[in-house]
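Novice: So the protein sequences, as listed, match chains E and W.
The numbering used here numbers the first residue of the first sequence as 1 and each following residue consecutively.
The numbering used here numbers the first residue of the second sequence as 282 and each following residue consecutively.
Hints were generated in silico from the structure; no laboratory data involved.
In this text, a Cβ means the ideal position worked out from N, Cα and C, and glycines have one as well.
One should not assume that every hint holds.
[Unchecked claim] Covered stretches of chain E (in silico footprint by chain W; criterion: 3 or more residues with CB under 8 Å from a CB of chain W, positions within the stretch not fixed):
1) 9 to 20
2) 67 to 74
3) 79 to 92
4) 95 to 106
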Amino acid sequence: MIQVNDLSFSYTKSPFISGMNFSVSEGEIFGFLGPSGAGKSTLQKILIGMLRTYQGSAMVNGVECKKRTKHFYENIGVDFEFSTMYEKLTARENLQFFSSLYEKKPRPIDELLERVGLEQDADKRVADYSKGMKSRLNFIKALLHDPLLLCLDEPTSGLDPTNSHMMKNMILEEKAKGKTILLTTHNMQDATELCDRVAFIVGGKICALDSPHNLIMSKGAATVTYTWFENGEHSASCPLGRVSSDEQLKGLIAENRLQSIHSSEPTLNDIFMDVTGRTLV
Amino acid sequence: MKAIRFSFFQMVVTMGRDMMLFMACLAPILAGFFFRFAIPVLETVLTQSFHIPAVISPYYKLIDIFFAMLSSTMFCFVSAMVALEESDEKTAVYLFITPLRKTGYLSARFGVPAVIAFLVTLVLLPAFKLTPLSPAAIFLFAAGGTLQGMIVALLVLTVSSNRLEGMAVTKLSTLTVFGAVVPFFIKDKVQYGVFLLPSFWIGKAACENGLFYMLPAFALSVMWISFLLKRYMCKM
Chain E
1 MIQVNDLSFS YTKSPFISGM NFSVSEGEIF GFLGPSGAGK STLQKILIGM
51 LRTYQGSAMV NGVECKKRTK HFYENIGVDF EFSTMYEKLT ARENLQFFSS
101 LYEKKPRPID ELLERVGLEQ DADKRVADYS KGMKSRLNFI KALLHDPLLL
151 CLDEPTSGLD PTNSHMMKNM ILEEKAKGKT ILLTTHNMQD ATELCDRVAF
201 IVGGKICALD SPHNLIMSKG AATVTYTWFE NGEHSASCPL GRVSSDEQLK
251 GLIAENRLQS IHSSEPTLND IFMDVTGRTL V
Chain W
282 MKAIRFSFFQ MVVTMGRDMM LFMACLAPIL AGFFFRFAIP VLETVLTQSF
332 HIPAVISPYY KLIDIFFAML SSTMFCFVSA MVALEESDEK TAVYLFITPL
382 RKTGYLSARF GVPAVIAFLV TLVLLPAFKL TPLSPAAIFL FAAGGTLQGM
432 IVALLVLTVS SNRLEGMAVT KLSTLTVFGA VVPFFIKDKV QYGVFLLPSF
482 WIGKAACENG LFYMLPAFAL SVMWISFLLK RYMCKM
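Work out the full structure, taking the sequences as your base and the hints as a guide.
Specialist: What follows is the structure, given as structure tokens:
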């Protein structure tokens, strides 16, 4: 679906994105992770044909992005982080207008509104919507024309846990239908739950690219930390894979003297900090 | 074409819901009635009051070309206001990544309204003109007025970043229309000081009954529009 080769781009004389290579298969959820200003949004803009002065190649659905035609957009749905709705129009009027721009038969508007819990507010002006409602409306706008590629920028931003969960389920449903999804996010939890593969982007370069599981495993096994009381509280740790050879732990278990025991698995955030030396702010 | 058509209808809906924009579209008709019926009466009153043969009538041609530019400028101003609102609400950015794309957006917001403004001027100018104008003159003045309207709209869009600024910039950018006044009042070569304004050449064509003066007006308009369009595209 997406093939990027030796991609470079610059807003000024110094390169902003350089030597980027990756591919995304059909039906895959691919995450772009990185701090602000890393180049994630620029990369997304290149892939949706908004920035065309790049070097190298960026092919989406067999079309070089800089040579896109209007048919290119029939199969791309974009959910920006900010609202892109007519504030004076109702949700239904907005969706009707945007769906009218495509040649494809749109998905039923009422069904989509109901899916994100906005059916009661369909005839309310968007100006009167809360941030979360606008996010949900923005999301279904990207689905209206049933695109093959979905580009989602922080789709769960501003949502409460229930709506965030609902949104993630909808994203997974789209994947199950064979849609390719590009997810740009700061949220490591979302990336771990949703993405088949993620790319860490820092300074316009891909620092690591793999599945969240493989990236987490690459840091090494989880550790087990336990505490016991013996003239005061003590604690010790050992790798999860070596618990059976930790004589102290075995003795404490046998004597039933453990006060607490827990494992701590590395998170994608730990891996990100390890790889890039930065946090996702 | 489908996307351009629906996007244009969307603009019409926005105009219909905004009283200021709706009135701006009606302004040429109201102004037409005033120019056609109130000004001759005013001229009679003034000439009788001051006991002179003419006060306003020597400038009837100027009023006619102002009217040609007014109707186009009003339509283009409305388009510019809608485009600025779309820029504020970021809907314009979204429209660029639909089958409409930037070119379709520009057609829907400036191309189609300009064509309509031209056609409306072709209808209104003969109805409200104060001087005898040949069909060729009507056609050329309507075309010149339309290009002038596009220049005003693009100036507003290029210079301002929101609707409020847009209103302020509109007042300034409509000053470019006043180039038409110069040939009527300044007869020596000093008048060429404003030669870069297409409206100056439209005024000269009307003042000197020389339609060939419309050629530099069109050429300059095309240059202004290309320059402003490039700036606008970069801004977006």
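Novice: Which earlier hints can't be squared with this structure?
Specialist: 1
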